[in-house]
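Could you build the full structure based on these sequences and the hints that come with them?
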Amino acid sequence: MEKSTATQPQLGFLGMCRWAWRQLTTMRVALILLLILALAAIPGSLLPQRIQDPGRVTRFLEDNGAWGEFLDAIQMFDVYSSIWFSSIYLLLMVSLVGCVVPRSAQHWKAMRSAPPKAPRRLGRMPGYVEFASAGEPQEILDTAQERLRKLGYRTSRHDDHVAAERGYLRETGNLVFHISLLVATLAMAIGSLFGYQGQRILIEGDTFTNSLVAYDSFEPGSYYDPDNLPDFRLTLDRFTSSFDDTSPGSQFGQPRTFEAAVTTTVDGRSQAHTLKVNEPVRVGGTGIYLTGNGYAPEITVRDATGKVVHSGPQVFVPGGDAGYTSEGVIKVPDAAGTQMGFVGVFLPTATQNAEGELISSFAELRNPYLVMSGYTGDLGLDSGVPQSVYSLEAENMTQMTDESGEPLLLEMGVGQTQELPGGGSVTFDGVKRYIAVDISQDPTQGLMLVSAIFVLLGLGLSLFIPRRRMWVRVAGDRVEVAALARGEDPMVERAARDLAADLGAGSADAGAADNGSAGRDSVTSTTGSRIAPGRD
1 MEKSTATQPQ LGFLGMCRWA WRQLTTMRVA LILLLILALA AIPGSLLPQR IQDPGRVTRF
61 LEDNGAWGEF LDAIQMFDVY SSIWFSSIYL LLMVSLVGCV VPRSAQHWKA MRSAPPKAPR
121 RLGRMPGYVE FASAGEPQEI LDTAQERLRK LGYRTSRHDD HVAAERGYLR ETGNLVFHIS
181 LLVATLAMAI GSLFGYQGQR ILIEGDTFTN SLVAYDSFEP GSYYDPDNLP DFRLTLDRFT
241 SSFDDTSPGS QFGQPRTFEA AVTTTVDGRS QAHTLKVNEP VRVGGTGIYL TGNGYAPEIT
301 VRDATGKVVH SGPQVFVPGG DAGYTSEGVI KVPDAAGTQM GFVGVFLPTA TQNAEGELIS
361 SFAELRNPYL VMSGYTGDLG LDSGVPQSVY SLEAENMTQM TDESGEPLLL EMGVGQTQEL
421 PGGGSVTFDG VKRYIAVDIS QDPTQGLMLV SAIFVLLGLG LSLFIPRRRM WVRVAGDRVE
481 VAALARGEDP MVERAARDLA ADLGAGSADA GAADNGSAGR DSVTSTTGSR IAPGRD
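Per the UniProt record's numbering: the sequence shown = residues 1 to 536.
FYI, nobody ran anything at the bench for these hints, they're computed from the structure. All of these numbers come straight from a predicted model, not from anything done at the bench.
Heads up, simulated DSSO-like pairs for lysine-lysine below, C-alpha to C-alpha not over 30 Å straight-line:
hint : residue 1 : residue 2
1    : K276      : K432
2    : K150      : K109
3    : K117      : K150
4    : K432      : K307
5    : K331      : K432
6    : K307      : K331
Ranges of calculated distance between the beta carbons of each label pair, as one might list FRET restraints:
hint : residue 1 : residue 2 : range
7    : Q138      : R22       : 46 to 52 Å
8    : K109      : M491      : 24 to 30 Å
9    : G430      : L47       : 33 to 39 Å
10   : E69       : Y223      : 28 to 34 Å
11   : S241      : L35       : 35 to 41 Å
12   : S425      : R233      : 32 to 38 Å
13   : A261      : A73       : 39 to 45 Å
14   : L47       : D267      : 39 to 45 Å
15   : L47       : E403      : 43 to 49 Å
16   : L35       : D477      : 55 to 61 Å
C-beta atoms are modelled at their ideal positions from N, C-alpha and C, and glycine is treated no differently.
Quick look at the structure:
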């Protein structure tokens, strides 16, 4: 006789699709995707992003070579618009929709259905009390039903017992939480489609007019028309900051305040504001956020003929150290004879370390000092290839040297002038402050606020409201009270005891009991009432 072997049925393409859909629409997968999305957002906070600070991205790429190019290839500098982040985002939305919609329908049916009947053996419930009846069975059931309704239970009356249930708001809160999370996710997507975001650096005294050409970088949504930009102007009057210079240890030099005094002008009417971190200024539905700040040394460059070929403040970008050591570039394409370029480091509080090197020991302007190297030759500005204003393309340039043939190093305090070889000079006139602002318009901000409120509300309901069922049964001269919780509920035993007491358990020589082993004998109290086996 041949031995038969069992063969597994083949799912096929449609079967695999149904299986994948069932897996995707489970709450477990939705939570996993939410965790993955949170992890995927981490690079966006650790690495500079083009939409916020294109200058830092360019500098990171220059400093890190092949490693920076690899990170750029996998969109680590455009995390929130990358293909992989968007894929996780879309999967999360699909999972939430597929999970929440069926659960909402099931919950609606459950809320409209009657509480389940009492099981045969109530003594198995976590909360259980049995006592001798002190009245008519129907009167006891009427009293139990009335008491349970006052406690917020939905009740159902049967011949020999009352069934009650409460805590549907727990599941309601759970659904509200997930629906609000879904709405917030959709609001973010809609806001990115119909809003815009742009960046601009403002030096003290500068005025920004809200037009497309005035932005340093501009990212419109797919369906946003830049011709509809709100009409307003923004002037940076003054920027002040303070740093801790009294606390010892790691707190020394930590920033304490950043405040920008700005003036907005709308329809000819001007209004003064104070712009702070996390305290934006709003103009005509547009939010203006303070995202960065730094120093802009005022530098005057003269060529060999004595003509001023560059004058004014130049933005220097902080390198990330506590002393605000900043780097910057000056390009002088109109100098007589040959073009010039300078690469410099600005030190707000210049000191020397133990090795004799110049460093900045504090972020405030206490001893401003400027150190620069100079180059002559072709800046490459006429090649048609875009260049960063924060870097100097020196491949076709020659470094300036002093009389001994060593590379020329220009070191200046405020008000000092250094002569250039072959004629010309550089003067360090002073220092101004600048700020980086993020200007954005999001039509879904109100919806996001409402969604966030309901997320917290739903989370609170799902965490703090217990789901509980209770039954009261009268069998002959005995009354049984049982309680069952869905999930952890340390009050379920007390709920059974309290209800039994309200029904006259105390006057009927009652004893309280909880669930115990089925094989253990019940105990009779001194007054004759039976106490079910339990932990009490």
